[in-house]
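**Student:** Listed here are the chains, written in short residue letters.
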Amino acid sequence: MVTSLPYFAFIAVPALAALACPFAARIKPRYADILANTALAVGLLTALSFIPEIAKPLTLQAWNMGTGLSVFNNDVFSLLMLITVYMVALCTAFYSIFHEMPDGRRGVWNALILVCAAAMCGVAAARDFFTLYVFVEVTAVASYALIAFEDRRESTEGALKYFFLTAPASTFIVLGVALLMLYTGGTSFGHLAQAMSSSGAGDSAVAIILGVMACGFMVKAGLVPFHGWTPDAYQSAPAPVSALLSGVVTKAAGVYALIRIALALRVIYPAHAANAVGQALMFFGALSIVIGALGAVYQRDFKRMLAFSSISQVGYIVLAAGAGTPLALAGALFHLFNHATFKTALFLNSAAVEKQTGTTDMRKLGGLEARMPWTALTSNIAILSTAGIPPLSGFWSKLIIIVALWKAGLQSYAAIAIFASVLTLAYFILMQSRVFFGKTPEHLAKVSEARAGMLLPPILLAAVMIAIGFYFPLLFSNLVEPAAKAFL
Amino acid sequence: MLENMLPNLYLNWFFAALLVFSGIYCMLVSRNLLRLIIGVELLSKAAILALVACGQAMGNLGLAQSIAITMIVLEVVVVAVGLGLVVRAYRQTGSVDMWKFDRLKG
Amino acid sequence: MNLHLFLLCLLLAFGLLSVMARSLLLAGISLAAASVSLTLVLFEMNAPWAGVFELSVCAGLITVLFVSTVSVVRREEQFIAENRLRFYSLPFFLAVFGMAFWLFAEPLTRALVPAVPPQVQINVGTTLWQLRWGDLLGQLCVFVAGALAINAFFRNKNNA
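If you read the protein sequences in the order shown, they are chains A, B and C.
1 is the number of the first residue of the first sequence in the numbering used here; add one for each residue after it.
1001 is the number of the first residue of the second sequence in the numbering used here; add one for each residue after it.
2001 is the number of the first residue of the third sequence in the numbering used here; add one for each residue after it.
By construction, these hints were calculated from the structure, which means they are not laboratory data.
Don't be surprised by glycine CBs; every beta carbon is placed ideally from N, CA and C.
Mixed in with the good hints there might be a few duds.
To be verified - Which residues of chain B face chain A? A partial, calculated answer using Cβ under 8 Å:
| id | residue |
| --- | --- |
| 1 | LEU1036 |
| 2 | LEU1051 |
| 3 | GLY1055 |
| 4 | LEU1063 |
Stated by the list, open to error - A few chain C residues that don't get close to chain A, going by computed Cβ distances all over 12 Å:
| id | residue |
| --- | --- |
| 5 | LEU2026 |
| 6 | VAL2036 |
| 7 | ARG2086 |
Model the full structure from these sequences, guided by the hints.
**Tutor:** Next up, the structure:
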């Protein structure tokens, strides 16, 4: 039995709630918070309830070849993306209850988060490159507004950079879609798969189509040659928005589509990525891993360092996607989810630090462990998970990726991944010692722990990381392996 | 029928490529945020031209047109939000010069 | 065919003018003219629906928005010292690029055109409403997002 996910509801409910939010806020500003959190929590629970139904039928096609009337697709990957989107959006919305802003703006703020979530669900639901592009653009519009929400010069600057660097990328995506339509007669993933399985002469054509499209999506994902906007946007955005951006927006806007492209490549290159696009994905992924990690070492701002770390981790996902074996793809998906948990927790903690101390400049911080024990604890767990320390969740996903790369005969890339993982640990230890450990400077002596509500999302996310780490063998046989098999 | 369409396709794609080049050139060369928006506009014009040209060449203009319509609607919203950002930047800094925006540095 | 070529040239000429014009007002107006030429191209290519949208939305709405923004920032934009030579040298670079691309255009397009079986023609309305209603949902979402974004940018003064 293959259950169809009610995607329409997943998109429409947050969108309608977003419409209602400003009006609810007019009655009482806090109603907007309640509305947003309720809508997202219900969505998350509904999405979670589909796990058993989607995971059980192993015959489920990861690649729906049908080109029928149905607009949305239905596979493990979409469900995982959906859960990630709702999880991070809920954390953001919950956190922003405690984020200070004028009461009159709460309605619009929550509405923007809801629209962003709805659009990202649309991305996860799309089974057609153009529909995917449409929702990517909606996500982008909501993100511009969220980044520039606070009336500060830096925020506007970050949003402008995001806007002007990603707008040309949209054009390249549309040009790719146009070529795809010309070549295959349609724009859906199914059309692409059909064209690829039937094409005799089409190697160069497929490389051109996917290459043009992948260029656009790489800009939106913030991979290294195109990463100019990422640190600025993350640093200048209001704190909860950075978590949303790093946790899901770049993934929904870029990485998801890149993994879809990698899935399409599997149709004709089953064993490993022997083609130009797969190699390009792997190359840029590895480049992002290294440059992102090296860049992070030199940062002085807490949030900016996390942004560079995000670039590096996204590189892992894309590298694994480019390698394209079933195990690597499963690792990419797993790391995508894990990265959403630990980077959201870290950005929310950076927001707590910013709120309590008034700065994110690491030269002015130090010794916060004594003053903010819970924030320090959850940050430590998230950091160790990111760096791939067993038995936390990040260890397993990195292990899968490295093993998959090794098995696919890509030893050099596997070595890069291992090396960068050491580098990750290095810059995070640097950050730890500057922010949380050491002696407390005098101007921070009166800093107190953040409010309990602000601590709740990071604590829950840390619990998820630990739980996934310990129950991994169980998860592996129940979720990851089926997912890998479904890609076969 | 398809063969008749091909010269047209070359021509359309050639002009679309020229428009893409002009748009990107404009965005690279200028410091004025409004000129950057002009560049974005030219890029999306090229995309619309390319889409409809492809639809004509493959013989399903209905699909191409419906995609182009959605594309146009998206474009107007994106450009409106971009102009909003520019006006906001102008109100905050009194300028639309991109070089004035240099606060974020690593 | 000749009409088509003429209209494409018109589109490109107005596009170039919008990049090279010194005054932003002139640039905005020539962008509108480029939109109108694109509309004519689309009509000539038998795509009237896309043409109507292009005319009303791009040539109409965007021009209004752009010109009003220009009038807001008008005083300041002349203080930006830009090197005009860079703009005036666009035709030269464009010509170089055009020649280079022309060499690639034919093999490129030849590689990309497979023997697609002649498609069943479905009209725009049916395509949009029955096959691509996901896009329509996206359009609704983008309107909501755009309205909220504009609200977020410009309403804060009243409430803060």
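**Student:** Take the hints in turn and mark each one as holding or not.
**Tutor:** Hint check results:
1. The closest approach between the C-beta of LEU1036 (chain B) and any C-beta of chain A is roughly 5 Å, which is under the 8 Å cut-off, so the hint is satisfied.
2. At its closest, the beta carbon of LEU1051 (chain B) sits 5 Å from a beta carbon of chain A; the interface hint therefore holds under the 8 Å criterion.
3. The interface hint given for GLY1055 (chain B) holds, since its Cβ lies 7 Å from the closest Cβ of chain A, which is under the 8 Å cut-off.
4. For LEU1063 (chain B), the interface hint holds, the least distance from its beta-carbon to any beta-carbon of chain A being 7 Å, beneath 8 Å.
5. Every Cβ of chain A is farther than 12 Å from the Cβ of LEU2026 (chain C); the closest lies at roughly 22 Å, confirming the non-interface assignment.
6. With a closest Cβ-Cβ approach of about 21 Å to chain A, VAL2036 (chain C) is found to remain outside the 12 Å limit, as its non-interface label requires.
7. Listed as a non-interface residue, ARG2086 (chain C) keeps its Cβ farther than 12 Å from every Cβ of chain A; the least gap is roughly 18 Å.
When the structure is compared with the earlier hints, no violation turns up for any of them.
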